[in-house]
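So the sequence lines, in the order shown, correspond to chains A and B. Residue 1 is where the first sequence starts when you use the numbering used here, and the numbers rise one by one after that. Residue 1 is where the second sequence starts when you use the numbering used here, and the numbers rise one by one after that.
The set of hints was computed from the structure by calculation and includes no laboratory data.
Put simply, identical chains are the same to the list, so a pair is met inside one copy or across any two.
Below, in silico cross-link-like pairs of lysine-lysine (BS3-like), each with a Cα-Cα straight-line distance of 25 Å or less:
#1 K283 with K345
#2 K322 with K283
#3 K160 with K107
#4 K130 with K322
#5 K87 with K345
#6 K346 with K13
Number of protein chains: 2
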Amino acid sequence: MAVTYELVKRCSKTGARAGRLHTPHGTFDTPIFMPVGTQASVKAMSPEELIGMGADIILSNTYHLFLRPGHELVAEAGGLHSFMNWKRGILTDSGGFQVFSLGPLRKITEEGVTFRSHIDGSKQFLSPEKATEVQMALGADIIMAFDECVPYPADYDYAKASTDRTTRWAERCLAAHNRKDQALFGIVQGGMYKDLRTRSAQELVSLGFPGYAIGGLSVGEPKPLMYEMLEHTVPQLPEGKARYLMGVGTPDCLVEGVMHGVDMFDCVFPTRVARNGTVMTNKGRLVIKNAEYARDLNPIDEECGCYACQNFSRAYIRHLFKAEEIFGLRLATIHNLYFLLSFMKKMRQAILEDNFLAFRDEFWAGWERR
Amino acid sequence: MAVTYELVKRCSKTGARAGRLHTPHGTFDTPIFMPVGTQASVKAMSPEELIGMGADIILSNTYHLFLRPGHELVAEAGGLHSFMNWKRGILTDSGGFQVFSLGPLRKITEEGVTFRSHIDGSKQFLSPEKATEVQMALGADIIMAFDECVPYPADYDYAKASTDRTTRWAERCLAAHNRKDQALFGIVQGGMYKDLRTRSAQELVSLGFPGYAIGGLSVGEPKPLMYEMLEHTVPQLPEGKARYLMGVGTPDCLVEGVMHGVDMFDCVFPTRVARNGTVMTNKGRLVIKNAEYARDLNPIDEECGCYACQNFSRAYIRHLFKAEEIFGLRLATIHNLYFLLSFMKKMRQAILEDNFLAFRDEFWAGWERR
Chain A
1 MAVTYELVKR CSKTGARAGR LHTPHGTFDT PIFMPVGTQA SVKAMSPEEL IGMGADIILS
61 NTYHLFLRPG HELVAEAGGL HSFMNWKRGI LTDSGGFQVF SLGPLRKITE EGVTFRSHID
121 GSKQFLSPEK ATEVQMALGA DIIMAFDECV PYPADYDYAK ASTDRTTRWA ERCLAAHNRK
181 DQALFGIVQG GMYKDLRTRS AQELVSLGFP GYAIGGLSVG EPKPLMYEML EHTVPQLPEG
241 KARYLMGVGT PDCLVEGVMH GVDMFDCVFP TRVARNGTVM TNKGRLVIKN AEYARDLNPI
301 DEECGCYACQ NFSRAYIRHL FKAEEIFGLR LATIHNLYFL LSFMKKMRQA ILEDNFLAFR
361 DEFWAGWERR
Chain B
1 MAVTYELVKR CSKTGARAGR LHTPHGTFDT PIFMPVGTQA SVKAMSPEEL IGMGADIILS
61 NTYHLFLRPG HELVAEAGGL HSFMNWKRGI LTDSGGFQVF SLGPLRKITE EGVTFRSHID
121 GSKQFLSPEK ATEVQMALGA DIIMAFDECV PYPADYDYAK ASTDRTTRWA ERCLAAHNRK
181 DQALFGIVQG GMYKDLRTRS AQELVSLGFP GYAIGGLSVG EPKPLMYEML EHTVPQLPEG
241 KARYLMGVGT PDCLVEGVMH GVDMFDCVFP TRVARNGTVM TNKGRLVIKN AEYARDLNPI
301 DEECGCYACQ NFSRAYIRHL FKAEEIFGLR LATIHNLYFL LSFMKKMRQA ILEDNFLAFR
361 DEFWAGWERR
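Start from the sequences, fold in the hints, and give me the full structure.
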């Protein structure tokens, strides 16, 4: 197997675990957060900046790269790593989520999904086979099965039919996949129905993937419901394989995800809010454009070791945002990603010291005081 | 004198000269190009990137910083170097050019200029004393006298009256300036009239500035006329002082400026066109968004040693521009600035080898073949 998960330490009181993910582009500590580089670029960042903040594996997107610049070009360039000059790990999402998000612009059949490109309106088609072919051409270390992310809310019959189709599609992805140097992960669906989650997990596990994602969460449901689904689903996945919670990246959900035994996360949250001038600190979020920071010569976060906090003041970064200077959103992005990546490292350390529950209690005490 | 010019080598056939500019933030080789950081940021660049491409001194703007974030805040932060974390040289323009560009939004009297802010419409006032006070607060290594940039075309009487006022204002700037650790440069005006240029140069030189700028060129006049004015004006400036041609930054004008004995240049050109996807090469400009580069896996310029050319292909950079990814304009900006800064270094080397005229001939042969 090109990509394997190694369990290093289990929390004695919760499902949390510390591990290592071995890939063709390096071995990475888990739990891990993957910055999102949808279009073969983590927005506003250079590869060196990502490495400087401790990023190990980033996520890119099949739907976007299939439409532009096209997977053939990326393959010609030697694959995504070479195209974007990123030497560490890459995971590509299958495009399922994006295609289904197109709403009236797409049509689903058992064969696949016909849709109109958001770029030029052209008619396009993705299926389990095609999404796998595209991802083999892109050449990420980890690729994802082509699934339907069950929307929220969804009635039981819709969720059941969709989840069953996702399982059939997962089988077709496996059959289409033939690159030994990349791992194809299955995606557990099932909406907010525990029996469907169980069925999805069991069927995918029986297909034997090298890793499993939990999809269809963080799609608008209340957070306690998401946590309940996690608590129910994760234990049904094999201990020896990596578990990836898709689209999750706020500190509260990361803590709960880790507690329930998730190893991998991704989310546009830290980079997206950064570009709007919102930065994360241990004392809560801070809207850097606000007038209260106009003369504030302190760094965003005094405890932070990131490039932005080591070199620039809140007043300067606020000025850059007010003046619409690109360097402002670069600094905010660096800070937010560094903050989340450091947060993951702290959780891992707590697990290694078998201290995770105390870490979590302390986190929630601070989170709720805000 | 805090800032001094040291003549290192004179070209035996032209006015070109190689020198060194000594400032409180370092000694810099001339001729030199200064990247523009109007609002305390060279657009899209970090200080480390600027240093990596060989930038020694950058330009920032009094008008913009006076309005936002305000010179008092910058002074509180320890001055512009500290505020923007730039450890090498800074030159601030006086704001004269920007204020006069406001057209109907400004009113000129002998005392100064009343104008409306382009940001919030508020009524503002800049005078020789105020512009000098603001620049002392900003704390650049080199600051500029508050002048009127004579527009093109301008009739003789207007140009004469304006130039005489610029001289009176230059005297007031000198009287108001009292920071020993920064140099105040005078600005020669005179429009396109040689006798006015002579008069302006002589009067400013008699006031005894530590350096002289040539203003009011590259304002829409035909290039041969600009070169004629340079040929006429530069020889009237003292050999022992730095000469700065304001707002000039295309390769052809840089070559001619250097030939006529100019030491310093600035222009938004390389950074502005970069953000629109135009990159400079020895073989001419290249619009990276064009379809012809879609599958071009070569760097922007094979001879170039910049970060963009060492690490990324035309196809990738084109993709970033098409996908509106910020990293694309970062790469184009890095390339263009590196290109121009390297171009200056080559000219200096040619002067040191007393080979400048051959360098210029070769440059023009290539330029005209395009």
